[in-house]
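**Q** What follows is the residue order along each chain.
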Amino acid sequence: MRKHFNFAAVVSVVALVCCGALILGQKVNAAGEGKITGTVKLDGAAPHMKGIDMSKDPYCSKAHESSPAHLESVVAGANGGLENVVLYIADWSGPAQASTAVPVFDQKNCMYTPHVLAMDVGQTFKVTTSDQTTHNIHPLPNPMTGNIPWNQSQPPGAAPVEKSWKAPEVIPVKCNIHPWMNGWYVVVKGPYATTDGNGNYTIENVPPGNYTVTAWQETYGTQTAKVTVAAGAPAKADFTFKAK
Amino acid sequence: MRTKSRMVALLGAAALILSTASWAQLTQVDLQTRMGVESHIGNIAGHAKDGAADYRRYCVGCHGTLGDGNGENAPYMQPPIFQQPRDFQLGVFKCRSTPTGTLPTDQDLYDAITRGFDRSNMPQWSTFTKQQRADLVAWVKHFSPRWTNEKPGTPIQIPPEPEVTPERIKAGREVFARVQCWKCHGVQGMANGPSAATLADDLGRPIQPFNFTDGTRPKCGDTDQDIYRIFMTGLDGTPMPSFADNIKPDEAWDLVFYLRTFMSQKSKEKEMAKTLNLKPVDPNAPAGQQ
Numbered sequence: 001m002r003k004h005f006n007f008a009a010v011v012s013v014v015a016l017v018c019c020g021a022l023i024l025g026q027k028v029n030a031a032g033e034g035k036i037t038g039t040v041k042l043d044g045a046a047p048h049m050k051g052i053d054m055s056k057d058p059y060c061s062k063a064h065e066s067s068p069a070h071l072e073s074v075v076a077g078a079n080g081g082l083e084n085v086v087l088y089i090a091d092w093s094g095p096a097q098a099s100t101a102v103p104v105f106d107q108k109n110c111m112y113t114p115h116v117l118a119m120d121v122g123q124t125f126k127v128t129t130s131d132q133t134t135h136n137i138h139p140l141p142n143p144m145t146g147n148i149p150w151n152q153s154q155p156p157g158a159a160p161v162e163k164s165w166k167a168p169e170v171i172p173v174k175c176n177i178h179p180w181m182n183g184w185y186v187v188v189k190g191p192y193a194t195t196d197g198n199g200n201y202t203i204e205n206v207p208p209g210n211y212t213v214t215a216w217q218e219t220y221g222t223q224t225a226k227v228t229v230a231a232g233a234p235a236k237a238d239f240t241f242k243a244k
Numbered sequence: 001m002r003t004k005s006r007m008v009a010l011l012g013a014a015a016l017i018l019s020t021a022s023w024a025q026l027t028q029v030d031l032q033t034r035m036g037v038e039s040h041i042g043n044i045a046g047h048a049k050d051g052a053a054d055y056r057r058y059c060v061g062c063h064g065t066l067g068d069g070n071g072e073n074a075p076y077m078q079p080p081i082f083q084q085p086r087d088f089q090l091g092v093f094k095c096r097s098t099p100t101g102t103l104p105t106d107q108d109l110y111d112a113i114t115r116g117f118d119r120s121n122m123p124q125w126s127t128f129t130k131q132q133r134a135d136l137v138a139w140v141k142h143f144s145p146r147w148t149n150e151k152p153g154t155p156i157q158i159p160p161e162p163e164v165t166p167e168r169i170k171a172g173r174e175v176f177a178r179v180q181c182w183k184c185h186g187v188q189g190m191a192n193g194p195s196a197a198t199l200a201d202d203l204g205r206p207i208q209p210f211n212f213t214d215g216t217r218p219k220c221g222d223t224d225q226d227i228y229r230i231f232m233t234g235l236d237g238t239p240m241p242s243f244a245d246n247i248k249p250d251e252a253w254d255l256v257f258y259l260r261t262f263m264s265q266k267s268k269e270k271e272m273a274k275t276l277n278l279k280p281v282d283p284n285a286p287a288g289q290q
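Residue numbers (our numbering), protein chains in the order written: chain V, 1 to 244; chain L, 1 to 290.
The following block holds chain L by itself, in its conformation from the complex (with noise of 0.2 Å):
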């Protein structure tokens, strides 16, 4: 009787043993295709075995060691206000320069990774060297398959930026009541639209557009060029769309410098908005009679 349970216990261990073996034999063999991911950062080559030691010792407690943003830490990040930490598996990305529905380049990457994320749990990471940034660049691509399997997008093109005038801010003023982004931001780009309260992202958590007005930063950037981007590009994998096909690169200026007056930093645009005393756009005006 002793024997016989012995043996049982024994070949269940085997057993296990050659399972997590198998395991690891399939997983380490996914590994090797996927460690040669390489990152280029103007003339810096990022390999991805060189970001993993950095990735467990700074990354790893939010996105996890899969990847896929369920680190010890990720339970504590609530939304709307907190959200979760990206999903690397899905190679979904908010902050690109290139098209909706394409994968951000490796400058995107590092630049999301120097910049850190206003208004959440993500850091700065600009302590880090070029280098260490461009490694960790790679070995965020390893988690995705898409990244073997399809090319980044091309990048929008943002041409030169004009002068800022106040007619440019009341022609902007007329694209965000066109093209209607108070659905979501409000007439004053408080987060306050009619949309605004349920939005959700693409995993079904709730998620708050951005507030213009409380002195935060916009996630993926603050400068002209990148606010431009923001809305053009869209922020795969939240409610926010891409405006490309709608907005010409003109009226995209237009519109950058009206969404500066709803902002709490001081700017030019903001002085020039006082003097012309706009008004908030009206929800109920026909099309083209703001």
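The shape of chain V in the complex, shown without the other chains (with noise of 0.2 Å):
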């Protein structure tokens, strides 16, 4: 009895110092890496998004019956943040980013979630369907880039269709049955970050250094800015795009 319970506290022992070594190991990674954050603003009153008629397609319009569906091209918070702002690091000259995540981009009561997804070139990313309505995804890069245009049904209960891009490029997305559908890839190279509602961002994992971090947003186009980023401490990067 003593002999089992011997062996039990000495295996857990082992076991709680392999996950300290393994969480520590982490955080010593993380503390040679370093990272940009920062807000993205909407200088002025944000432009007005027009609703959407979904009354083509039932399905659709009895979605969006308790809160109608509107435009998505400015989406500002509460207090003047940027949501769907990519930011990337344009001179980026590291090694690609093996991320192994796989971003989502859904197809929901007719609309995209989310309307902007950035990936990283040759990243692997799904497209999927929540809905009970035929979708097709569409997305429109320009073939000269190496980026080639695909097409692809998905009816209800589809499974997922995988992808990735080749080349850094912003790629519009549409579906032909539901005109109002459109969305963004905003294929990059290197980290990047996707602003929240209240257009806050991080990218992580970025090395120690001199950076130019570039804002994308789908109306007001681009703007950029220059950071240097020591270990352990996080450069600030905020931008302001003025309302039109």
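No wet-lab data here; the hints were simulated from the structure. Mixed in with the good hints there might be a few duds.
Stated by the list, open to error - Sample of chain L residues facing chain V (criterion: CB under 7 Å; computed from the structure):
id	residue
1	91
2	154
3	195
4	239
Glycine is no exception: its CB is placed at the ideal position from the N, C-alpha and C atoms.
Make one complex out of these two single chains by using the hints.
**A** See the structure below:
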């Protein structure tokens, strides 16, 4: 009995030490990498986002009975923070990010969730559908960049479509069946982030160095800022887009 | 004063000659690498340089010297009734045996040239010799850098065509309802579905879905195999998506048989549909309850 107890104690101590080492190891890694954080704001009143008439497809209009759908070309929070702004490092020369994360682009209530999906060159992403109506998922890259357009159907209950892109490009996505549906794939090289509802973002895993951060917004275009990232100390870059 | 202006004119002329010379050199280098493009149709090899003369004589009026679809006749083709000539530089083609997002095979391009496109200004070129058509395929390929950077996709497998039965036609009607072909093509295949009016091609030009009932032929061929291929691979550059992931091969044949019942041409399927007394699908019926 006692022997058994000892054995259990030894096993649990070993397990604990292993876990601790793993966690510590990660922390050590994270300390070596810096990050870039900041806020993207809109200066001025947000433009009016038109409502969307979905009466063409009763399934879609029914899904928005209580909360009408609006265009999403400028989405600003209460404090003026801009949502769906993609931040990336334009002069990234480091290795390709071997991110194993698979971002998901969902078709829900006849809208794209998220409206803007950022990803790395070569990163696999997944297109899913939560709707009980047929969509066709149709990205429109410029074939001259090396990204090739494709067009796949997703009837109700369809399996996810997994794809990736070869070159950095801002790619519009549309559904021909529901002409109001439009979204963006922002394909960049290296680390990236997308702003949340308050306009906040954090680009993780940036090695120390000097960088040019670019902010992309679908209506207002791009802005850049120079930052210096030091180990352990996050660099800050805020952006303000003038409302038009 | 006079000598000065003459000098300026001379300098300008020299600059112009130099710049055109270097431009010509650039394009020539580019051409030289692409002129070597070949096509293979069965045991016939086509060569781009041999297709140039026929292209200049027969194709350039619509497709343009640069192959970008901006020939002098192009402005007279008004969508959605007539689609504009293909832009060969993009390397995106409607009629493929290969999956969506991939290059077509040489045979696909050869078949398109031979067949022509119904309801368009592209005639059949079946009067050309096989060698001429193979050379033209190579010449068409030389316009897009995609052919030097990528390989054509792997053609989809089409299983042997089964016997048409009333059950298969009914099953095809279920597929038509499930994947919602009627959203664009309409419940009777008359190109009047709820989404038909707003369709646009990849370049934003209005485009119409295929009307099965008006007696015309599908652009990418009218055999049963062609129809199977059209909805499984999709027509790249247009709103027609690929259904390869969502229709099983056996179901695909059922759908081909059901689509035949819409078409005005005489067919076994049409005769069977008469006795079956099929109603158009109901867009509002719950899933699986047609």
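**Q** Hint by hint, note whether the structure agrees.
**A** To see whether the hints hold, each was checked on the structure:
1. For residue 91 of chain L, the suggested interface contact is upheld, since its CB lies about 6 Å from the closest CB of chain V, less than 7 Å.
2. Hint on residue 154 of chain L is violated. Least Cβ distance to chain V is approximately 15 Å, over the 7 Å limit.
3. Look at residue 195 of chain L: its Cβ gets to within about 5 Å of chain V, closer than 7 Å, so that hint holds up.
4. Hint on residue 239 of chain L holds. Least Cβ distance to chain V is approximately 3 Å, under the 7 Å limit.
Comparing the model with each numbered hint stated earlier shows that hint 2 is the single one that does not hold.
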